[in-house]
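S.K.: Protein sequences, first through last, are from chains H and V. In short: position in the first sequence from 1, add 29, done, that's this note's numbering. In short: position in the second sequence from 1, add 29, done, that's this note's numbering.
What the hints contain is simulated information worked out from the structure, not anything from laboratory work. Possibly wrong hints are sitting among the right ones.
[What the hints assert, rightly or not] Below, simulated BS3-like cross-link-like pairs (lysine-lysine); rule was C-alpha separation at most 25 Å, straight line:
#, chain 1, residue 1, chain 2, residue 2
1, H, K58, V, K166
2, H, K64, H, K166
3, V, K53, V, K64
4, H, K53, V, K64
5, V, K166, H, K166
6, V, K179, V, K64
7, V, K179, V, K166
8, H, K179, H, K166
9, V, K179, V, K53
10, H, K166, V, K58
11, H, K58, H, K179
12, V, K166, V, K58
13, H, K166, V, K179
14, V, K179, H, K64
15, H, K53, H, K179
16, V, K64, H, K166
17, H, K64, H, K53
Protein chains: 2
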Amino acid sequence: MDQFIMQPIGFVSSPYQDQTAIPKGLGAKHETEGKLNILPALEAGLTDIEGFSHLYVLWAFDRTEAGFNLMAHPPSDDRPHGLFTTRSPRRPNPIGLTVVELLGREGSSLRVRGIDMLDGTPILDIKPYLSNIPAEKLRRGWLTEAEARKI
Amino acid sequence: MDQFIMQPIGFVSSPYQDQTAIPKGLGAKHETEGKLNILPALEAGLTDIEGFSHLYVLWAFDRTEAGFNLMAHPPSDDRPHGLFTTRSPRRPNPIGLTVVELLGREGSSLRVRGIDMLDGTPILDIKPYLSNIPAEKLRRGWLTEAEARKI
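Given the sequences, and given the hints that come with them, work out the whole structure.
M.R.: This is the structure we're talking about:
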């Protein structure tokens, strides 16, 4: 079986010290500011990044109980849903994905808004956010239904 | 140093047998259809996925030369740019990220539009695409400048 070994390119500096502090569920706003501290040896890879308003951050769930259930219980609904339709941290591969707004850079440290990771979370990759799906084409499945039930 | 070992949750079925066949650079359209063949043992994790119009696919660059340069030469520009502002396949961690439109599901196989991976590419994760960055807030850095120079 193929295996891929990933190593951190840096670590998140976040005000969240434990999972219970992270806003979750319907209407949770992710406007928390924090830093992406990239390893100094990789700083040149950030050249020109100031021109981008938003970034994808790929990171590792490093403090999540091992294993996963194929049906997940997301905090935004009282019904279970297929794991791959949720952002549950317990997944076959422990990769998290967050879109952040880039506020500034100091050397190899990026100041960002939209942090939803724990302090010290290992960062695996940063990619530019380049395009949107037009809102009128976007369907959000069970999440839309869960929102409607809560109104 | 922390390490994270990733294994495929499935494989891409794509018309692209080699890198040169994949549209790249400015104006490249990614409307190619293909399949995400998830391992049958994980099929329950796809429950309810039909309600979502778009998905994030995280996948592994499994046929890319090892190593990376911190300055990359993207096909959309004749100037080099910081690796983390590009989608270069040669990165510290070989993770690719593609947004696809979900066209249909047959068991553990998802028919999608927007494939830009090679045939047989290992899939690491699937996540729901839930929200957009408003277009008026989006800045695309050197890519916007490169487009302006080509007009």
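S.K.: Now tell me if each hint is right for this structure.
M.R.: How the hints compare with the structure:
1. Between K58 of chain H and K166 of chain V, the direct Cα distance comes to roughly 17 Å. Compliance with the 25 Å bound is thereby established for this hinted pair.
2. Of the pairs offered as hints, the one joining K64 of chain H and K166 of chain H is violated, with about 33 Å between alpha carbons and a cut-off of 25 Å exceeded.
3. About 20 Å separates the Cα atoms of K53 of chain V and K64 of chain V, which keeps this hinted pair within 25 Å; it holds.
4. Under the criterion of a C-alpha separation no larger than 25 Å, the hint pairing K53 of chain H with K64 of chain V is inconsistent with the structure, at around 32 Å.
5. Distance check on the hinted pair: K166 of chain V and K166 of chain H sit about 19 Å apart at the alpha-carbon level, within 25 Å; holds.
6. Of the pairs offered as hints, the one joining K179 of chain V and K64 of chain V is violated, with about 34 Å between alpha carbons and a cut-off of 25 Å exceeded.
7. Restraint check for K179 of chain V and K166 of chain V: the C-alpha separation of about 23 Å stays at or below 25 Å, so the hint holds.
8. A hinted pair counts as satisfied when its Cα atoms are at most 25 Å apart, and K179 of chain H with K166 of chain H qualifies at roughly 23 Å.
9. Taken as a hint, the K179 of chain V and K53 of chain V pair is honoured in the structure, with Cα atoms around 15 Å apart against an allowance of 25 Å.
10. Restraint check: the Cα-Cα separation between K166 of chain H and K58 of chain V comes to about 17 Å, which is no more than 25 Å; the hinted pair holds.
11. A C-alpha spacing of about 17 Å is found between K58 of chain H and K179 of chain H, which places the hinted pair at or below 25 Å, so the restraint holds.
12. For the given pair, K166 of chain V sits about 23 Å from K58 of chain V by alpha-carbon distance, which is consistent with the 25 Å threshold.
13. A distance of roughly 29 Å separates the Cα atoms of K166 of chain H and K179 of chain V; the hinted pair therefore is violated under the 25 Å criterion.
14. Straight-line distance between C-alpha atoms of K179 of chain V and K64 of chain H comes to about 35 Å, which puts the hinted pair past the 25 Å bound.
15. This hinted pair checks out: K53 of chain H and K179 of chain H have alpha carbons roughly 15 Å apart, not beyond 25 Å.
16. A threshold of 25 Å between alpha carbons decides the hint, and for K64 of chain V with K166 of chain H the separation of about 20 Å falls inside it, so the pair holds.
17. Of the pairs offered as hints, the one joining K64 of chain H and K53 of chain H holds, with about 20 Å between alpha carbons and a cut-off of 25 Å not exceeded.
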